[in-house]
Amino acid sequence: MTASRDHILIYLNGQRRELRGAEVFMTLSDYLRYERHLTGTKVVCAEGDCGACSVLVGAVKPETKADAVEYRVINACIQFMHGLDCCHIITIEGLPSEGDLHPVQSAMIKAQATQCGFCTPGFVMAAAGMIEHRGPGCQISTQQAKNYLTGNLCRCTGYLSIIQAMGQTDTQACLSIKDHYHPASVHQDLLQHTTQAVHLEQAPHRFVSPTTATAAAAALSDGGQVFAAATDLGVQHNKGHWSEQRAISLNLIPAMHRIDINDQHTRVGARVTLHALEEALAEVQPEWAQFMHIFASPQIKNNATLVGNVANGSPIGDNLPWLLALDATLTLQGPTQSRQVKLNDYYQGYKQFNRQEDELITHIDIPHRPAEGFLRLYKVSQRRDLDISCVSTAMLLTLDAEQRVEHAAIALGGVAATALRLPEFEQLLIGRSVTELTSDDSQQALGQQLAAQVKPLSDVRGSAAFRSQLVSNLWRKFMLELGDARAPTPEAKHGV
Amino acid sequence: MAFKDPPHDSALGHVTGTSEFIDDRPRQAGELQVLVVYSTVAHGHITQIDVAAASQVDGVHGIYSHRDLAHNRWGSIVQDQPLLAADEVNYVGEPILVIAAESMPAAKAAQALIVMEIKPAPAVLDIHAAKQQQHLMGQTYRLNKGQVDAQWPLAPHQLQGEFINGGQEQFYLESQAAIVYPEENGCLHVHVSAQHPTEVQHVVAHALGLQQHQVVATVKRMGGGFGGKESQSAHYATLAALVTQQTGRPARLVLNKDDDMIATGKRHPFASDYRVAFDEAGRIQALQVDFFTDGGAYLDLTPAILQRAMFHVDNAYDLPHALITGTIGRTHTHPHTAFRGFGGPQGAAVIEHIMEEIAAHLQLDALDVRLANCYRGEHSTTPYGQTVAHNVLPELFDQLVASSAYRQRRTELQQFNQTSRHLVKGLALTAVKFGISFTTRFLNQGNALVNVHLDGTVQVSTGATEMGQGVNSKIRQIVSEALGIDPHDVRMMPTSTEKNANTSATAASSGSDINGSAAHIACQKITRRLANIALQLWHGFVPSPSQELSIQPGIDTSAVEFRDGLLINPLEPDQTMPFKEVVKVAYLNRISLSDYGHYRTPDIHFDPATGQGRPFLYFTNGVAASEVSLDLFTGEVKVLRSDILMDLGRLICDGIDHGQTAGGFVQGMGWVTSEQLYYDANGQLLSHSPTTYKIPSIHDMPREFNIDFIENHRNEMNIRGSKAVGEPPLLLGLSVWCAIKDALREAGWSDTSKLAIPATHEAILSLLSGGLTDQP
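Residue numbers (the working numbering), protein chains in the order written: chain H, 1 to 496; chain Z, 1 to 776.
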């Protein structure tokens with residue numbers, strides 16, 4: 001094993017930089033704006049919700065070949081510099097172009113897609129990330145533009161001119177950012193550093209990035225906070241709610257980046273991003289991959305991890321009902337041994353977990369959805385896209401040959417101190433036929449019974465009464481879709 | 001969409017990230033960061049403040065209170081608001097102390113060590129409590145036309161009710177920000193993100209005991225304003241200026257988004273009572289509206305906003321008899337303030353709500369009720385006595401009904417709703433008639449300075465501030481056309497009180513009208529001089545050491561044209577000369593190449609005592625048709641299509657007007673749908689960041705979105721025949737709200753009168769479920 005490093009290594013717009021001191025513990029946006037005076041990256045919300053701070057990052061992970069590296073858009077405001085070890089960061093100032101302007105920039109000018117200009121660099125970077133992902137020469141439809149720019153808020157334009165600009169962009173003329181910024185020498189330099197653990201101290205801060213899970217657990221027993229992408233911790237830090245100064249990264253542990261799909265389940269490492277998973281699970285978990293389209297923004301999905309979402313354990317964690325309904329299993333690593341815990345046994349109360357202080361989650365095993373099962377994931381929020389849910393659900397029914405319920409898994413988020421399964425309600429469903437379940441009376445009655453099993457709270461995202469009504473209505477929606485799926489009618493296609 | 005006119009004058013800087021905003025300015029040596037400590041109690045008395053430990057924190061230079069101010073009262077209309085609370089606090093977010101430190105972490109460390117006790121007092125926390133308790137401030141207002149009481153019993157139908165709209169956060173992306181630099185002899189230079197640099201200058205000077213000539217306020221641009229930086233920026237700029245005055249160092253105050261949303265003012269909530277009498281066709285015979293607004297803790301701009309709400313209750317509709325009153329409630333919340341529309345949206349919302357209610361009552365299509373009430377002809381008068389001249393409203397209605405295929409879509413929608421099981425659609429067409437001018441007459445003046453340089457390029461300074469709305473681009477266009485030169489040879493300079501004094505806020509949609517007119521006057525003074533000497537040159541005058549050109553008063557310069565970089569006398573074939581050449585000749589002959597223009601909007605007056613007058617120079621008009629679908633299970637709304645048709649006179653910059661229309665509409669749509677401000681039982685705003693306060697995202701814009709303008713060359717009273725655009729399209733967002741109301745009616749929910757603004761998913765589901773309890 002190579003000796004550990006006392007610094008992190010980054011590239012910034014093609015320039016190599018080793019960081020050692022207080023800079024390591026800054027957010028990327030502060031580092032860019034105040035240390036490098038790259039002020040094109042703006043900060044509005046400081047919580048990863050508006051995209052004004054969008055930059056592109058090419059992350060080199062352990063054992064990664066150059067052709068697997070992608071330059072993808074993330075939010076700089078909630079990203080710590082230490083989380084960017086072995087990454088190449090491209091800001092608006094570094095956007096490569098053949099002429100004076102990148103084709104996205106020219107199109108934004110021509111379509112008159114800027115007003116106050118504060119959100120504009122973020123939109124340019126998100127759009128550049130879209131073209132980088134889809135490839136120079138790609139066609140950009142209105143729907144694609146919306147999907148790729150969903151993480152960017154604009155208060156001036158009403159978005160119309162921005163979408164028009166995307167359609168008018170000469171994508172053929174776009175240079176590949178990776179070709180421009182990621183020669184073999186840069187890749188080798190970054191890759192070689194992924195094999196060296198990091199240990200650096202800058203009192204009162206400490207940053208540790210081991211190369212094995214046992215070393216990470218050992219570091220954890222000295223205290224500190226394990227993080228994957230820190231998309232929530234970054235927010236907590238910015239808002240003054242998190243001041244833990246000892247950070248333990250899982251980034252240099254090769255297994256943490258792996259997705260393994262076998263015939264029973266998918267094993268997802270702790271550093272696997274939602275984006276990578278969304279692409280990998282399109283076939284084995286189609287409902288979830290579809291659900292991901294209204295989950296968070298590209299900036300968050302390119303960075304945040306599924307295991308991070310699980311470990312965070314928010315009662316409104318949007319992925320949790322799905323994982324609970326499928327009976328996912330966590331593997332926890334301690335300093336000396338590892339053990340497995342059913343996710344359904346993991347949440348013990350509000351932010352109370354079945355986890356020892358020196359244990360960390362290395363991966364999660366997600367059983368494939370039953371081939372014959374009928375699964376739906378719903379989420380309702382104040383705004384459909386890019387919003388934390390008010391209520392989220394996963395509802396799964398497996399039917400026997402006579403169209404009777406053989407197995408039921410109903411999970412809800414946003415209605416209690418933790419996301420949870422409803423075993424009593426599931427029992428009510430066993431043995432019932434589709435015809436019976438989807439009858440008007442039964443829909444109504446069961447919807448009310450389901451709602452009666454939870455006691456949600458009122459908060460800024462919705463009142464208790466609203467949540468209860470949603471629970472009941474989502475059951476009815478599920479039944480409507482079940483009925484349509486088993487006996488399709490022309491009306492089914494109205495669900496747009 | 002291809003545009004004829006050039007893009008925003010800052011477009012290049014915006015797309016490359018090089019446009020400079022306040023916090024992009026490099027940090028100077030010795031610069032201090034400013035942190036404002038504010039009240040966490042809605043109403044109470046400060047019983048103890050101890051900053052001894054906090055002051056000892058390394059890097060802290062000072063902690064300042066109201067005692068450090070020469071005068072501790074400010075306000076745009078009435079000086080009723082403390083800059084720093086002294087004994088009593090009146091809202092959560094009210095500034096109490098100012099910390100100056102070398103870094104923000106040091107300031108925050110100091111904040112944590114401040115010992116402060118506030119003894120809570122009974123608080124009035126929302127508009128309903130203020131209305132019930134008649135907890136009021138300011139005066140009440142009244143407009144009357146005809147005899148409502150006498151007409152009331154004569155009409156065959158009557159309805160009455162209360163209509164409620166919530167507030168709205170401006171959500172400018174750049175939060176309140178100012179940097180103050182010390183200058184010699186105690187003078188200050190304030191760089192600020194503000195719509196009203198003159199007020200910043202005046203408030204800073206007054207609060208710090210300086211004379212106005214000791215303070216310069218400069219605004220390069222704002223990352224959005226929307227009214228939120230009309231009055232409120234002065235408050236925060238003054239707190240930064242206090243630090244500079246106390247320390248002699250540059251001071252930077254940049255609010256974070258959470259503090260900005262908690263502490264600064266928003267659009268006014270209203271809870272207004274109305275009664276309306278109408279005939280079988282839905283024609284209004286008499287209307288009474290008693291507006292009640294929540295002004296917050298201090299008056300700020302509320303009186304003017306309330307008046308504008310009253311002026312806009314007629315919107316596009318002729319009211320033969322109308323009695324309109326306005327009352328201001330006082331609550332222990334942040335003062336409410338300007339937000340695009342400035343009361344106009346709240347006024348128009350009431351009548352658009354009434355149009356839907358009348359339609360429901362008579363079982364008519366709401367479009368037919370609107371057509372029956374629309375201002376017709378050129379001679380109708382508003383409730384405040386202004387004639388609705390050059391009336392294009394009927395034309396707008398007719399064109400949009402046809403171009404949006406409203407009638408056909410109404411039929412299709414009804415068919416859809418008969419068969420659909422979990423979606424229901426609604427359709428509505430609403431209008432706007434927005435009065436252009438400040439309703440306070442003295443504000444309707446502007447000035448501009450035009451400097452022509454020796455290479456023929458031009459710098460223009462006006463009182464207008466650029467917040468993205470494109471005022472600088474429009475003025476650049478006006479100047480370049482007046483001088484006949486390329487727009488790229490005209491540069492718009494930062495707005496600064498040393499060049500343009502005694503200016504009005506860039507507000508009321510009038511920025512381009514007032515300042516563009518002033519710039520045009522300045523240009524005309526210059527072109528008259530240049531034409532004068534050009535004519536002399538063309539007539540054979542040869543300047544020499546012994547013969548100097550001077551302005552000859554008798555020469556008629558009116559025929560000389562300025563275009564394509566040339567001066568041209570179209571009456572004589574050979575008489576052309578490059579602009580740049582004339583400029584050089586003028587300089588060498590000691591003819592001034594600079595001038596100043598002052599503009600006052602003509603023919604406007606209004607007497608508050610009688611409620612009668614002509615407060616507006618003209619009206620900007622528009623119509624919009626929106627179609628929505630509601631998910632009956634979740635209350636979720638989708639805007640399927642919106643068609644907008646506006647009358648903006650002759651456009652100065654087509655792309656900018658297009659952008660203002662789309663952006664204003666979507667902002668209005670946000671107000672009426674997803675933007676809900678949520679306060680807890682202690683008056684603390686909980687939705688203070690974009691994770692909890694939902695402005696429209698890119699997916700929320702109408703799925704199909706069509707914008708068009710009519711040809712109208714008759715608005716001759718305004719600069720180049722144009723019309724103001726900033727605020728009016730926002731009111732068309734009401735078409736989305738009315739479409740939701742229509743969909744609820746289609747869903748069989750007959751009493752939609754309880755639907756308020758905003759119609760959130762929760763509010764909609766509540767109506768669909770027969771009313772949920774426990775509404776936030």
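Keep in mind that the hints were calculated from the coordinates and are not lab data. Bear in mind that the values here come from a model prediction, so they are computed numbers and not experimental data. Here a beta-carbon is modelled for each residue, glycine too, at the ideal position from N, C-alpha and C. Any given hint could turn out to be false.
No more than 20 Å apart at the CA atoms, straight line, and that leaves these computed lysine to aspartate or glutamate pairs for DMTMM-like [to be verified]: (1) Z:Lys-580 <-> Z:Asp-455; (2) H:Lys-146 <-> H:Asp-385; (3) Z:Lys-4 <-> Z:Asp-489; (4) Z:Lys-108 <-> H:Glu-279; (5) H:Lys-110 <-> Z:Asp-708; (6) Z:Lys-108 <-> H:Asp-30; (7) H:Lys-146 <-> H:Glu-278; (8) H:Lys-146 <-> Z:Glu-704; (9) Z:Lys-638 <-> H:Asp-385; (10) Z:Lys-108 <-> Z:Glu-183; (11) Z:Lys-525 <-> Z:Glu-572; (12) H:Lys-239 <-> H:Asp-385; (13) H:Lys-342 <-> H:Glu-424; (14) Z:Lys-525 <-> Z:Glu-636; (15) H:Lys-455 <-> H:Asp-484; (16) Z:Lys-754 <-> Z:Glu-636; (17) H:Lys-61 <-> H:Asp-30; (18) Z:Lys-754 <-> Z:Asp-273; (19) H:Lys-146 <-> H:Glu-279; (20) H:Lys-239 <-> Z:Asp-368; (21) H:Lys-146 <-> Z:Glu-183; (22) Z:Lys-119 <-> Z:Asp-680; (23) H:Lys-110 <-> Z:Asp-486; (24) Z:Lys-108 <-> H:Glu-23; (25) H:Lys-239 <-> Z:Asp-455; (26) H:Lys-110 <-> Z:Asp-259; (27) Z:Lys-580 <-> Z:Asp-603; (28) H:Lys-110 <-> Z:Asp-595; (29) Z:Lys-4 <-> Z:Glu-481; (30) H:Lys-342 <-> H:Asp-365; (31) H:Lys-61 <-> H:Glu-279; (32) H:Lys-239 <-> Z:Asp-258; (33) Z:Lys-4 <-> Z:Asp-680.
Here are the simulated distance ranges between beta carbons [to be verified]: (34) H:Ser-442 <-> Z:Ala-281: 25 to 35 Å; (35) H:Gln-448 <-> Z:Asp-708: 40 to 50 Å; (36) Z:Ala-281 <-> H:Ala-485: 31 to 41 Å.
Output of the computed footprint for chain H on chain Z, the stretches with three or more beta carbons under 8 Å from beta carbons of chain H [what the hints assert, rightly or not]: (37) 210 to 218; (38) 439 to 453.
Status of the hints after comparison with the structure:
Using a Cα cut-off of 20 Å, the hinted pair Lys-580 (chain Z) and Asp-455 (chain Z) holds, with the two alpha carbons roughly 6 Å apart. With a C-alpha separation of about 10 Å, the suggested pair Lys-146 (chain H) and Asp-385 (chain H) falls inside the 20 Å cut-off, and the hint holds. With a C-alpha separation of about 18 Å, the suggested pairing of Lys-4 (chain Z) with Asp-489 (chain Z) holds against the 20 Å cut-off. Distance restraint check for Lys-108 (chain Z) and Glu-279 (chain H): the Cα-Cα separation of roughly 43 Å exceeds the 20 Å cut-off, and the hinted pair is therefore not satisfied.
A threshold of 20 Å between alpha carbons decides the hint, and for Lys-110 (chain H) with Asp-708 (chain Z) the separation of about 19 Å falls inside it, so the pair holds. Under the criterion of a C-alpha separation no larger than 20 Å, the hint pairing Lys-108 (chain Z) with Asp-30 (chain H) is consistent with the structure, at around 16 Å. Taking the CA atoms of Lys-146 (chain H) and Glu-278 (chain H), the gap is about 18 Å. The hint holds against a cut of 20 Å. With a C-alpha separation of about 13 Å, the suggested pairing of Lys-146 (chain H) with Glu-704 (chain Z) holds against the 20 Å cut-off.
For the proposed pair Lys-638 (chain Z) and Asp-385 (chain H), the alpha carbon gap of about 12 Å is at most 20 Å, so the pair holds. The straight-line distance between the Cα atoms of Lys-108 (chain Z) and Glu-183 (chain Z) is roughly 28 Å, outside the 20 Å bound, and the hint therefore fails. A hinted pair counts as satisfied when its Cα atoms are at most 20 Å apart, and Lys-525 (chain Z) with Glu-572 (chain Z) does not qualify at roughly 23 Å. Taken as a hint, the Lys-239 (chain H) and Asp-385 (chain H) pair is broken in the structure, with Cα atoms around 23 Å apart against an allowance of 20 Å.
Taken as a hint, the Lys-342 (chain H) and Glu-424 (chain H) pair is honoured in the structure, with Cα atoms around 19 Å apart against an allowance of 20 Å. Distance check on the hinted pair: Lys-525 (chain Z) and Glu-636 (chain Z) sit about 58 Å apart at the alpha-carbon level, beyond 20 Å; violated. Restraint check: the Cα-Cα separation between Lys-455 (chain H) and Asp-484 (chain H) comes to about 30 Å, which exceeds 20 Å; the hinted pair is violated. With a C-alpha separation of about 18 Å, the suggested pair Lys-754 (chain Z) and Glu-636 (chain Z) falls inside the 20 Å cut-off, and the hint holds.
A C-alpha spacing of about 24 Å is found between Lys-61 (chain H) and Asp-30 (chain H), which places the hinted pair above 20 Å, so the restraint is violated. Of the pairs offered as hints, the one joining Lys-754 (chain Z) and Asp-273 (chain Z) holds, with about 13 Å between alpha carbons and a cut-off of 20 Å not exceeded. Our distance criterion of 20 Å between C-alpha atoms is met by Lys-146 (chain H) and Glu-279 (chain H), whose separation comes to about 18 Å. Annotation: proposed proximity of Lys-239 (chain H) to Asp-368 (chain Z) is violated, straight-line Cα distance about 52 Å (limit 20 Å).
Distance check on the hinted pair: Lys-146 (chain H) and Glu-183 (chain Z) sit about 48 Å apart at the alpha-carbon level, beyond 20 Å; violated. Taken as a hint, the Lys-119 (chain Z) and Asp-680 (chain Z) pair is honoured in the structure, with Cα atoms around 19 Å apart against an allowance of 20 Å. With a CA separation close to 18 Å, the supplied pair Lys-110 (chain H) and Asp-486 (chain Z) stays within the 20 Å bound. For a cut-off of 20 Å, the pair hint linking Lys-108 (chain Z) to Glu-23 (chain H) stands: about 19 Å separates their Cα positions.
With a C-alpha separation of about 52 Å, the suggested pair Lys-239 (chain H) and Asp-455 (chain Z) falls outside the 20 Å cut-off, and the hint is violated. The straight-line distance between the Cα atoms of Lys-110 (chain H) and Asp-259 (chain Z) is roughly 36 Å, outside the 20 Å bound, and the hint therefore fails. For the hint linking Lys-580 (chain Z) to Asp-603 (chain Z), the alpha-carbon distance of about 38 Å lies beyond 20 Å, and the restraint is violated. With a C-alpha separation of about 33 Å, the suggested pairing of Lys-110 (chain H) with Asp-595 (chain Z) is violated against the 20 Å cut-off.
The hinted pair formed by Lys-4 (chain Z) and Glu-481 (chain Z) meets the criterion: a straight-line CA distance of about 14 Å does not exceed 20 Å. With a CA separation close to 10 Å, the supplied pair Lys-342 (chain H) and Asp-365 (chain H) stays within the 20 Å bound. With a C-alpha separation of about 18 Å, the suggested pair Lys-61 (chain H) and Glu-279 (chain H) falls inside the 20 Å cut-off, and the hint holds. Note on Lys-239 (chain H) and Asp-258 (chain Z): the hinted pairing holds, with a Cα-Cα distance of about 9 Å set against a maximum of 20 Å.
Simply put, Lys-4 (chain Z) and Asp-680 (chain Z) have alpha-carbon atoms about 50 Å apart, too far for the 20 Å limit, and the pair is violated. With their beta carbons about 48 Å apart, Ser-442 (chain H) and Ala-281 (chain Z) fall outside the hinted range of 25 to 35 Å. Roughly 49 Å separates the CB atoms of Gln-448 (chain H) and Asp-708 (chain Z), a value that falls within the hinted 40 to 50 Å. Checked against the hint of 31 to 41 Å, the C-beta distance between Ala-281 (chain Z) and Ala-485 (chain H) comes to roughly 49 Å, which is inconsistent with it.
A count of 0 residues in the stretch 210 to 218 of chain Z with a Cβ less than 8 Å from any Cβ of chain H is obtained; the coverage claim is therefore unmet, three being the minimum. For the stretch 439 to 453 of chain Z, the stated coverage by chain H is violated: 0 residues have a C-beta nearer than 8 Å to a C-beta of that chain, whereas at least 3 were required.
Consistency note: the structure conflicts with the earlier hints numbered 4, 10, 11, 12, 14, 15, 17, 20, 21, 25, 26, 27, 28, 33, 34, 36, 37 and 38.
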